[in-house]
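Engineer: In case you want the letters, here they are:
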Amino acid sequence: MIPGQESAKPHLPAEAVLSKEMLLQRLKEDLIVSPILEKSQVGDGSVDISLGTRFIRSRRSKMTQIDFPSLNKEKIRSFQESVVVPFGEQYILHPRSFVLGCTFEFIALPLDICGFVLSRSSYGRAGLLIATATFVHPGWRGCLTLELENLGEIPIILHPLSAVGQLVLLNASKLPKQPEAKIIPVSPTFTTLNEDPRWKKIAALYPKTET
Amino acid sequence: MIPGQESAKPHLPAEAVLSKEMLLQRLKEDLIVSPILEKSQVGDGSVDISLGTRFIRSRRSKMTQIDFPSLNKEKIRSFQESVVVPFGEQYILHPRSFVLGCTFEFIALPLDICGFVLSRSSYGRAGLLIATATFVHPGWRGCLTLELENLGEIPIILHPLSAVGQLVLLNASKLPKQPEAKIIPVSPTFTTLNEDPRWKKIAALYPKTET
Amino acid sequence: MIPGQESAKPHLPAEAVLSKEMLLQRLKEDLIVSPILEKSQVGDGSVDISLGTRFIRSRRSKMTQIDFPSLNKEKIRSFQESVVVPFGEQYILHPRSFVLGCTFEFIALPLDICGFVLSRSSYGRAGLLIATATFVHPGWRGCLTLELENLGEIPIILHPLSAVGQLVLLNASKLPKQPEAKIIPVSPTFTTLNEDPRWKKIAALYPKTET
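Chains as they are written, first to last, in the working numbering: chain A, 1091 to 1301; chain B, 1091 to 1301; chain C, 1091 to 1301.
Incorrect hints may appear among the rest.
The list treats identical chains as one, so a pair stands whether inside a single copy or across any two.
What the hints assert, rightly or not - Here are the simulated BS3-like cross-link-like pairs (lysine-lysine), alpha carbons at most 27 Å apart as the crow flies:
| no. | residue 1 | residue 2 |
| --- | --- | --- |
| 1 | Lys1267 | Lys1163 |
| 2 | Lys1110 | Lys1165 |
| 3 | Lys1152 | Lys1129 |
| 4 | Lys1163 | Lys1290 |
| 5 | Lys1291 | Lys1129 |
| 6 | Lys1267 | Lys1118 |
| 7 | Lys1264 | Lys1152 |
Derived by calculation from the structure, the hints in this document are not laboratory data.
These figures come from a predicted structure and were not determined experimentally.
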């Protein structure tokens, strides 16, 4: 707010969250959430996102622990189980269980928009939590990995294409250029945090002790 | 930010989150969070919200699964158990259990303000998660349904009127008119997602297979 | 948005979330997230935050319930168990268990910036939820208490200094002055909600009944 200029309306500052009108305008220009199966998916401040067909669950019998610095691609592959649920079929998420899913929609955020991934209230009220890591950076591209947890007490039937979540979109200060991405995910991904350079720094500072 | 115009202060853009002063001003005008029992409920960027007296829990013995497209009002009614906890009494939320509550406050957001529902830190530190679906659209009216989950390891005593959550308020681009609402909820509601037109679209695309 | 002035660009309003450039600028001036061990910790819209060495877990054998109005410092002390994990060692968070941690970084937000604490996606995909109460008010100072819950099905090894979370920073309307703080936390804290004046108000309205 520029002091003086808007002093008569101290409560009318600029918009943080994008309206439906703005979202529709940006969807024509540089914001991609595709495919939109229905107009009603685009709301005020948010776009509904739906489940794709690919899931990843853990093979508990293959791992005693998740220790990021000691993971590698082979270990990750051996402990992940990929599940494909064709359109028209279902994935049953039992109480207290956890699975990675993926949005059906491909998403590309422009350089000046960021987002938060949230459950839709209908699913939240059945106990479905759809994300534990919810910030989407400006310029991000791909299908979003969804962390699906049934916090409720009754199994929830998940249908590919059903709109389980919403992406709330906010204005961000514009990036100077498109950030580089190692991969553009189109299925759920268990990120290779083992490649984080921070582990080397930690190991150098403090030699690793036995677990 | 318009390049050049504010180059001397690249870090002073407009406000996304409303200050206490702005919140108090808007509460006099067109923002309703009522009743406010204490001034300290209104903070910088957020208003504390408290528990009402009505809860909904699941009758596990009545349902093997929650399958949204096959739900109807009767099924929902048979599987929901409504619980009223009078003021001065308590609801005991055991570890790993889940219940729907409702705000004591009636809330009406103006057309240019949206919100996020979050736990208050004191409760969060005891393991109480108060919402899995947290975005409140501009123009929304009613008592908020709260999804209450005890992630901790010790039972938590819930008291009606206690301030378990907070509503963080952000500026949104102004809606042209008040959105229509089928209902204005004043108690916890298990939404009828079965009425979502998306199910018909999914069913048309992919004939339903057996669960 | 001032009508007319920006009519040619209806989709270019002011920034809600701070860019990397702005974050780096503010980190030189009045925003403190310290120490930053690596440049890559500062991203677009967010700063990665890491685990410190101090944890608090509950002594379940000491408490049947958490009832905030009847808590006092002695009770809280008897039921909390403080755990120190030296650098180079680990804390093992088993499935469905909950512990309070603390950021390694000391954080001080200026009067016009607020934040949300979120899991980093790598950890979220392993099932780690790092916060149930996530809004950080403008002007806040201290080490953030993190609520760590393993929602997944495999034990997660937590390393002090590993970057488990991120702090998303948003512009807020500027506070007139630094808010007063009773304490500036530098280790995980179980807040003394029992001191909340609201309990007296509730007790006056509705005399307490037996649990």
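Engineer: Given identical chains, is Lys1267 near Lys1163, meaning Cα to Cα at most 27 Å, within a copy, between copies, both, or neither?
Structural biologist: This pair counts as neither: shortest intra-copy Cα distance 30 Å, inter-copy 51 Å.
Engineer: Please sort Lys1291 with Lys1129 into within, between, both or neither, judging by C-alpha distance up to 27 Å.
Structural biologist: Cα proximity of Lys1291 and Lys1129: across copies only (12 Å, versus 49 Å in one copy).
Engineer: For Lys1267 vs Lys1118, is the C-alpha pair at or below 27 Å within one copy, between two copies, both, or neither?
Structural biologist: both (21 Å within a copy, 23 Å between copies)
Engineer: Between the shortest in-copy and the shortest cross-copy C-alpha distance, which are at most 27 Å for Lys1110 and Lys1165: within, between, both, or neither?
Structural biologist: neither (44 Å within a copy, 34 Å between copies)
Engineer: Given a CA cutoff of 27 Å, do Lys1152 and Lys1129 count as a within-copy pair, a between-copy pair, both, or neither?
Structural biologist: Neither: 44 Å inside a chain and 36 Å across chains, both beyond 27 Å.
Engineer: From the Cα coordinates, with 27 Å as the cut-off, is the pair Lys1264 and Lys1152 best called within, between, both, or neither?
Structural biologist: neither (44 Å within a copy, 52 Å between copies)
Engineer: Regarding Lys1163 and Lys1290, is the shortest C-alpha distance of 27 Å or less found within a copy, between copies, in both, or in neither?
Structural biologist: within (18 Å within a copy, 41 Å between copies)
Hint check: violations occur at hints 1, 2, 3 and 7; the rest are consistent with the structure.
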